[in-house]
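For the record, the sequence lines run as chains A and B.
So for the first sequence, this note's numbering puts the first residue at 1; every next one is plus one.
So for the second sequence, this note's numbering puts the first residue at 1; every next one is plus one.
This list has only true hints and no planted wrong ones.
Straight-line alpha carbon distances no greater than 27 Å define the calculated BS3-like cross-link-like pairs of lysine-lysine that follow:
no., chain 1, residue 1, chain 2, residue 2
1, B, Lys42, A, Lys57
2, A, Lys9, B, Lys109
3, B, Lys42, A, Lys9
4, A, Lys9, B, Lys45
5, B, Lys109, B, Lys79
6, A, Lys57, B, Lys45
7, B, Lys42, A, Lys71
8, B, Lys109, B, Lys42
9, B, Lys2, B, Lys45
10, B, Lys113, B, Lys45
11, A, Lys14, B, Lys42
12, B, Lys45, A, Lys71
13, B, Lys2, A, Lys57
For the record, the hints were derived by calculation from the structure and aren't laboratory data.
Each chain, written out:
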Amino acid sequence: NAGVTQTPKFQVLKTGQSMTLQCAQDMNHNSMYWYRQDPGMGLRLIYYSASEGTTDKGEVPNGYNVSRLNKREFSLRLESAAPSQTSVYFCASSEAYVGQGNTEAFFGQGTRLTVV
Amino acid sequence: RKEVEQDPGPFNVPEGATVAFNCTYSNSASQSFFWYRQDCRKEPKLLMSVYSSGNEDGRFTAQLNRASQYISLLIRDSKLSDSATYLCVVNIPRGGGSQGNLIFGKGTKLSVKP
Chain A
1 NAGVTQTPKF QVLKTGQSMT LQCAQDMNHN SMYWYRQDPG MGLRLIYYSA
51 SEGTTDKGEV PNGYNVSRLN KREFSLRLES AAPSQTSVYF CASSEAYVGQ
101 GNTEAFFGQG TRLTVV
Chain B
1 RKEVEQDPGP FNVPEGATVA FNCTYSNSAS QSFFWYRQDC RKEPKLLMSV
51 YSSGNEDGRF TAQLNRASQY ISLLIRDSKL SDSATYLCVV NIPRGGGSQG
101 NLIFGKGTKL SVKP
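Model the full assembly from the supplied sequences, consistent with the hints where possible.
Listed below in structure tokens is the structure:
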């Protein structure tokens with residue numbers, strides 16, 4: 001059981017380059033999320049998708065776009081990477097939108113992105 | 001006031017010690033609370049949900065105090081393998097209805113020494 005799979009695991013970009021982080025889950029979860037984690041800042045929500053076909057901004061959406069391609073996949077795109085986007089990115093999924101009771105969020109292994 | 005606040009630590013304790021972490025949250029309408037564990041360079045994983053009546057799972061006890069808006073995690077008889085960062089997580093309501101976001105505290109680092 002793969003759970004939540006993110007690709008790539010590591011990436012180095014030059015300022016201004018674009019890239020897409022891929023995320024897929026095989027647990028038939030409705031809700032998916034993208035977080036970034038920086039030293040001293042904790043996990044911050046970038047975007048989330050409560051269900052297939054919907055996406056909403058989180059705490060730190062600027063500089064990112066997302067696509068909920070289907071129920072399994074939720075991608076995060078950096079159109080023009082900046083050094084401030086150097087971070088560890090985590091994708092997560094849960095059975096129901098987390099406002100609906102105590103539902104566990106499962107995380108992918110993370111993508112370590114460096115923008116130089 | 002930040003939405004979810006934790007003491008960042010680090011907490012350095014000997015094996016066998018009892019250690020307690022506290023976490024405060026600002027939104028009194030929050031309904032769901034969790035403790036996650038994150039090992040170095042790994043993804044967060046659910047340790048336990050926190051219920052109003054308090055709950056225990058082996059050496060771990062979680063408590064919720066709604067009146068004071070804080071959550072606690074108690075670890076008894078610490079093991080070397082308990083060394084990790086412990087994240088307090090709160091579901092913060094957004095807008096109306098049942099929508100909310102999982103908001104993570106910055107984490108408290110625990111180091112258990114022999």
